[in-house]
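Start from chain A and add chains F, U and S according to the hints.
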Amino acid sequence: MPDPGSYILLGAVLFAIGMVGFLARRNLIVMFLSTEIMFQGVVLNVVAFSRLHGRLTGDAYGLFLLVIAAVEAGLALGLVVLLYRRKHTLDAESWSAMSG
Amino acid sequence: MIPYILYVLFALGGAAIYLAMPKPSGSQRRAALVLGVGVIAGLLALMSMHFVAPNSNNFFFYMFAGLAILAAGRVVTHPVPTYSAVYFALVILCVAVLLVIQRAEFLAVALIIIYAGAILVTYAFVIMLAQQSGAVSTDTRAREPLMAILVSFVIAGAIAGKIEQIDAVPVKMTAQVPQAVTDVPIETTLPATEMESGHTKAIGEIMFGPYLVVVELSGILLLIAMVGAIAISRKQVPIEDTGEPKLPVGQIGREVPPF
Amino acid sequence: MISDADIILIKEPKLSAADKLYLTQIAEGVKVTLNHLFFKPKVTVQYPEEKRKLRVDNYRGVHRLNRDPDDRVACVACFMCETACPAHCIHIVAAESPWEDREKYPQQFDIDELRCIYCGMCEEACPVDAIELTTEYDIVGQSRDEMIFDKEKLLNVYDQTKDIKPRKNPKISGYQGTGDREKYDQLRERLEKMVGEREPGESKSTGTEATEGNAQ
Amino acid sequence: MLSWLENQVVFSAVLSLVLITGMMTCVAYCIYFERKISAWIQDRQGPNRVGFLGLFGNFHFWGLGQPIADGAKFFLKEDIIPARVDKPLFILAPAISMIVALIGFVVIPWGGSYMLGETLMNVQVANPDVGLLYILGVGSMGVYGVVLGGWASNNKYSMYGAVRATAQMLSYEIPMGVAILVVVLASGQLRLEEIVLGQVGGNGLWNIVLHPVSFLILLITLFAETNRAPFDLAEAEQELVGGFHTEYSSMKFAMFFLGEYVHMITGSAFICVLFLGGWELSFFGIGPAFPGTGIEDVGLISVIIKIGVLAVKVAFFIFLFMLVRWTLPRFRFDQLMRLAWKGLIPVSLGILLLTVFGLYMGWQRSVLFNLGGEIAIVAATLGVVVLANKPVTGRQDNMPAVTQPLGG
Numbered sequence: 043m044p045d046p047g048s049y050i051l052l053g054a055v056l057f058a059i060g061m062v063g064f065l066a067r068r069n070l071i072v073m074f075l076s077t078e079i080m081f082q083g084v085v086l087n088v089v090a091f092s093r094l095h096g097r098l099t100g101d102a103y104g105l106f107l108l109v110i111a112a113v114e115a116g117l118a119l120g121l122v123v124l125l126y127r128r129k130h131t132l133d134a135e136s137w138s139a140m141s142g
Numbered sequence: 484m485i486p487y488i489l490y491v492l493f494a495l496g497g498a499a500i501y502l503a504m505p506k507p508s509g510s511q512r513r514a515a516l517v518l519g520v521g522v523i524a525g526l527l528a529l530m531s532m533h534f535v536a537p538n539s540n541n542f543f544f545y546m547f548a549g550l551a552i553l554a555a556g557r558v559v560t561h562p563v564p565t566y567s568a569v570y571f572a573l574v575i576l577c578v579a580v581l582l583v584i585q586r587a588e589f590l591a592v593a594l595i596i597i598y599a600g601a602i603l604v605t606y607a608f609v610i611m612l613a614q615q616s617g618a619v620s621t622d623t624r625a626r627e628p629l630m631a632i633l634v635s636f637v638i639a640g641a642i643a644g645k646i647e648q649i650d651a652v653p654v655k656m657t658a659q660v661p662q663a664v665t666d667v668p669i670e671t672t673l674p675a676t677e678m679e680s681g682h683t684k685a686i687g688e689i690m691f692g693p694y695l696v697v698v699e700l701s702g703i704l705l706l707i708a709m710v711g712a713i714a715i716s717r718k719q720v721p722i723e724d725t726g727e728p729k730l731p732v733g734q735i736g737r738e739v740p741p742f
Numbered sequence: 714m715i716s717d718a719d720i721i722l723i724k725e726p727k728l729s730a731a732d733k734l735y736l737t738q739i740a741e742g743v744k745v746t747l748n749h750l751f752f753k754p755k756v757t758v759q760y761p762e763e764k765r766k767l768r769v770d771n772y773r774g775v776h777r778l779n780r781d782p783d784d785r786v787a788c789v790a791c792f793m794c795e796t797a798c799p800a801h802c803i804h805i806v807a808a809e810s811p812w813e814d815r816e817k818y819p820q821q822f823d824i825d826e827l828r829c830i831y832c833g834m835c836e837e838a839c840p841v842d843a844i845e846l847t848t849e850y851d852i853v854g855q856s857r858d859e860m861i862f863d864k865e866k867l868l869n870v871y872d873q874t875k876d877i878k879p880r881k882n883p884k885i886s887g888y889q890g891t892g893d894r895e896k897y898d899q900l901r902e903r904l905e906k907m908v909g910e911r912e913p914g915e916s917k918s919t920g921t922e923a924t925e926g927n928a929q
Numbered sequence: 027m028l029s030w031l032e033n034q035v036v037f038s039a040v041l042s043l044v045l046i047t048g049m050m051t052c053v054a055y056c057i058y059f060e061r062k063i064s065a066w067i068q069d070r071q072g073p074n075r076v077g078f079l080g081l082f083g084n085f086h087f088w089g090l091g092q093p094i095a096d097g098a099k100f101f102l103k104e105d106i107i108p109a110r111v112d113k114p115l116f117i118l119a120p121a122i123s124m125i126v127a128l129i130g131f132v133v134i135p136w137g138g139s140y141m142l143g144e145t146l147m148n149v150q151v152a153n154p155d156v157g158l159l160y161i162l163g164v165g166s167m168g169v170y171g172v173v174l175g176g177w178a179s180n181n182k183y184s185m186y187g188a189v190r191a192t193a194q195m196l197s198y199e200i201p202m203g204v205a206i207l208v209v210v211l212a213s214g215q216l217r218l219e220e221i222v223l224g225q226v227g228g229n230g231l232w233n234i235v236l237h238p239v240s241f242l243i244l245l246i247t248l249f250a251e252t253n254r255a256p257f258d259l260a261e262a263e264q265e266l267v268g269g270f271h272t273e274y275s276s277m278k279f280a281m282f283f284l285g286e287y288v289h290m291i292t293g294s295a296f297i298c299v300l301f302l303g304g305w306e307l308s309f310f311g312i313g314p315a316f317p318g319t320g321i322e323d324v325g326l327i328s329v330i331i332k333i334g335v336l337a338v339k340v341a342f343f344i345f346l347f348m349l350v351r352w353t354l355p356r357f358r359f360d361q362l363m364r365l366a367w368k369g370l371i372p373v374s375l376g377i378l379l380l381t382v383f384g385l386y387m388g389w390q391r392s393v394l395f396n397l398g399g400e401i402a403i404v405a406a407t408l409g410v411v412v413l414a415n416k417p418v419t420g421r422q423d424n425m426p427a428v429t430q431p432l433g434g
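In order, the protein sequence lines correspond to chains A, F, U and S.
Take 43 as the starting number for the first sequence in my numbering and just add one per residue.
Take 484 as the starting number for the second sequence in my numbering and just add one per residue.
Take 714 as the starting number for the third sequence in my numbering and just add one per residue.
Take 27 as the starting number for the fourth sequence in my numbering and just add one per residue.
So that you can see chain A by itself, here it is in the shape it has in the complex:
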């Protein structure tokens, strides 16, 4: 098993890529997919940390992260569907009317 440093680096890269997607893309669904990539980075990181310390706490955290991801996906998709019904587009920028 490669040592945790590699996993932490990999997690950081995945997190950064996901963040790029969330900030730069305008399609609501792709934005949410990007947040899920960030989750992947985090899951890898917590498991790696947990291996670093020789414990399984990180695995449990990973499972809770999965729960959070499922919750997020459910609510996010509900919102996306609602927003799509209103404006017939998935463009996040079409909802910028309220931004100052």
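FYI, nobody ran anything at the bench for these hints, they're computed from the structure.
Ideal Cβ placement from N, Cα and C applies to all residues, glycine included.
One should not assume that every hint holds.
Computed cross-link-like contacts, DSS-like style, restricted to lysine-lysine with a CA-CA straight-line distance of at most 27 Å [said to hold, decoys possible]:
{"no.": "1", "chain 1": "U", "residue 1": "K875", "chain 2": "U", "residue 2": "K864"}
{"no.": "2", "chain 1": "U", "residue 1": "K764", "chain 2": "U", "residue 2": "K875"}
{"no.": "3", "chain 1": "U", "residue 1": "K817", "chain 2": "U", "residue 2": "K866"}
{"no.": "4", "chain 1": "U", "residue 1": "K866", "chain 2": "U", "residue 2": "K764"}
{"no.": "5", "chain 1": "F", "residue 1": "K506", "chain 2": "S", "residue 2": "K368"}
{"no.": "6", "chain 1": "A", "residue 1": "K129", "chain 2": "S", "residue 2": "K113"}
{"no.": "7", "chain 1": "U", "residue 1": "K764", "chain 2": "U", "residue 2": "K817"}
{"no.": "8", "chain 1": "U", "residue 1": "K864", "chain 2": "U", "residue 2": "K744"}
{"no.": "9", "chain 1": "U", "residue 1": "K744", "chain 2": "U", "residue 2": "K755"}
{"no.": "10", "chain 1": "A", "residue 1": "K129", "chain 2": "F", "residue 2": "K506"}
{"no.": "11", "chain 1": "U", "residue 1": "K727", "chain 2": "S", "residue 2": "K99"}
{"no.": "12", "chain 1": "U", "residue 1": "K727", "chain 2": "U", "residue 2": "K744"}
Computed Cβ-Cβ distance ranges for the label pairs, DEER-style [said to hold, decoys possible]:
{"no.": "13", "chain 1": "S", "residue 1": "K113", "chain 2": "A", "residue 2": "L124", "range": "28 to 38 Å"}
{"no.": "14", "chain 1": "F", "residue 1": "Y487", "chain 2": "S", "residue 2": "S275", "range": "55 to 65 Å"}
{"no.": "15", "chain 1": "U", "residue 1": "E902", "chain 2": "S", "residue 2": "S275", "range": "51 to 61 Å"}
{"no.": "16", "chain 1": "U", "residue 1": "L722", "chain 2": "F", "residue 2": "V710", "range": "27 to 37 Å"}
{"no.": "17", "chain 1": "U", "residue 1": "K744", "chain 2": "S", "residue 2": "A405", "range": "16 to 26 Å"}
{"no.": "18", "chain 1": "U", "residue 1": "V769", "chain 2": "S", "residue 2": "S276", "range": "33 to 43 Å"}
One-sided excerpt, in silico: chain U residues whose CB lies under 10 Å from chain S [said to hold, decoys possible]:
{"no.": "19", "residue": "T737"}
{"no.": "20", "residue": "V743"}
{"no.": "21", "residue": "L750"}
{"no.": "22", "residue": "S856"}
{"no.": "23", "residue": "L904"}
Same frame as chain A, now just chains F, U and S:
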């Protein structure tokens, strides 16, 4: 030394993503691919030189780590949302393999079942339902890509700057782990023999031991989310009036006897 | 958009409590399928080995060119059939007849069996009942050329089928298809009665002017 | 001589090769038998012509050569990729469908253990800690082939097929997962081999005796998972032409087709392992196992008998799949959804609670408790159904008149 190499690599990687970002003028996909693969190769080479002791699992680690980064880059840069979803499935599979390499089989399989089996399929469902005809500006024009890349990779760089301080030698999974290594007050360290008997069992003992309250809380969270999602999306939108005379509800149509 | 008035509501039949489980219906269905699966006779006809009875006696299959009692081709090359043919599948080359009793005979007589629609118009048009449709339907060939039947082939068909179905002329003398004998007899009686009632020389006026037009 | 085989990795590799070959042959003959059975049910003869090049005169061996001819036809036919399809995904989809179906069988324990030379081998390609979850995960990936194929075809019927498959898969994963969880709770194991061992022998009971309703639920959801009638809404010929595979031809279509049958075989083997004692021959654990086929028998003959026993059980389920396909009409989509959400999910959750309660009280091996509880749960659900004056899969009355589906 390592952090500076990493900063350079991240800068180059950011450039690759910038090149691959969907732009109205068309993205320089080939250049981005070459640059991206180069950056990934550099990153993996760096990892192999600095972090990893030679091991039979390393090949799989490098393969799937590289694939995961490549696929993740494709998720955020592909102009077609369906492809983004497919590449995301690839990311999930790669991460699952990486988890298996870390001996977290249960987590890996749970990841596949929940993400690939449920979440992503739901995404695919919505993508298909809300499918626009042809390419739309939503997908072909990124929003401030330069700033986004800058912010994200600065954060990644901040993590990378500290990476050298992580102990290069992994702590063996034994009962003799000194308590000082971890600040977690609850005793969750498991001896290596129990790890051998199965990740599932060990993780179950943790989940339903010290973390029982959290498990219950996440159950409540899921319930709330379900109620919330149903409340959000059940709303019925009235159809536009077509101008045709409407019969009151209950009187629509003609009654016809069965058969 | 469907207007409200166009919607048809079908009242659902009332289901009893047992019906709502659909279990009894499923069991019945399985019983039916199992019964068919194991016990019902299979009705498929194994075609090339066994052939089904034709459902009609005057089935219109492949053509033949009849021979007269002297074994000559009965055709007089009048081009009536070629003219009547809606699918333009008959091609006749006429020549002066070597025999005393007629002026012309077909030097060449081709029928494109792939083009033919088996309507039987040629048979109706023929003044000497030289061309007839047999009940043979399983004609095969390996190329399109092979399926253009020439005079020899058509006469050959006659040789093969004359025992089952003798030539009509000079009188209706009995289709003898593979069909039901009794039914066939009734049909023949009816046909003979019809022919007997018909006035001679009733309608033979059309068709002559197009004779050379279609010959190529 | 065979010492190079005495290594579980090598043994597994050889076994998986053998299994893939055997599986593809079985699939080919499954298609043959499907055609035969459908023909017999419809009072026809079915394929009976393709023998062996007429080597035996007019005797065609009941058309047993048909699969070879079918395979040759699939390979040789023209492969059409329509002009406006999304080409990469269009090609990827059948491959996913096939691969996902094929990789599922690796965790099925085919024949217990086998003593090869000095070493005890598992007659199983892989025996991971999470074997059961692995099957669930792989099964849930199966829908991607359908979804991507339907989307990439750029055809509205294919698209409808894909959308239907998605919703159907999402709905039927839940009762399936819960039904499997019941077995996991009852046997306390995620390893499929251990689950079989728990059902084998004098003290073991087949799980079907303990949890018959869970078995039925798993069976029903398996029909839905494999896209077989009466749940074949994704390809419904009468409504959607061919559904997701409308645009597919030649070998790509064949891959979808074979994938479906492989899925059927894997699913049947899975259900046998979970509920019918896997390779065990004795009935319901009562009475001694057939001589030479117990757990402790690890000889070649006993392994072959065990594999044969599992194969017979699988064959029975495949026959059931076919019989049901040609018996029951297809569900309407709202009926399908209602069956899952209002029928199967409440019942399966009730059984899950019951099993947990049984575990808590230490009654998990009591047939009386489990059977009585399950009957009570089913009766309660059915009572609600009957009292509600609406069948679980019937027509929905009084649909609100002014509603509109998503996106309109």
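Between L722(U) and V710(F), is the Cβ distance one that fits in 27 to 37 Å?
-> Between L722(U) and V710(F), where Cβ atoms are some 34 Å apart, the hint holds.
Go ahead and decide if the range 51 to 61 Å is satisfied by the Cβ distance of E902(U) to S275(S). Hint holds: Cβ distance 56 Å, inside 51 to 61 Å.
- Mind checking the alpha carbons of K727(U) and K99(S) for me, to see if they're no more than 27 Å apart? Since the Cα atoms of K727(U) and K99(S) sit roughly 50 Å apart, the hinted pair is violated (cutoff 27 Å).
Q.
Can you confirm whether the C-alpha distance between K866(U) and K764(U) stays at or below 27 Å?
A. At roughly 24 Å apart (the allowed maximum being 27 Å), K764(U) and K866(U) satisfy the hint.
Chain S contact restraint for L904(U) - C-beta distance below 10 Å: 37 Å, violated
* To do: Against chain S, run the beta carbon of V743(U) and see if the smallest gap drops under 10 Å.
  => 5 Å, holds
Practice prompt. For the pair we were handed, K764(U) and K817(U), check the Cα-Cα distance against 27 Å.
Written response: 41 Å, violated
| message | K864(U) and K744(U) were given as a pair; does the straight-line alpha-carbon distance stay at or below 27 Å? | response | The given pair, whose Cα atoms are some 59 Å apart, is violated under the 27 Å limit.
Check: Within 27 Å, alpha carbon to alpha carbon, are K817(U) and K866(U)?
Finding: 20 Å, holds
- Item | Pairwise beta carbon distance, V769(U) to S276(S), judged against the given window 33 to 43 Å | 41 Å, holds
* **Agreement of K744(U) and K755(U) with the hint, judged by alpha carbon distance not exceeding 27 Å** => 17 Å, holds
Point to revise | When the least beta-carbon distance from T737(U) to chain S is tested against 10 Å, hint result | key: Violated, because the Cβ-Cβ distance from T737(U) to chain S comes to roughly 13 Å (cut-off 10 Å).
In summary, the numbered hints that this structure violates are 5, 6, 7, 8, 11, 19, 22 and 23.
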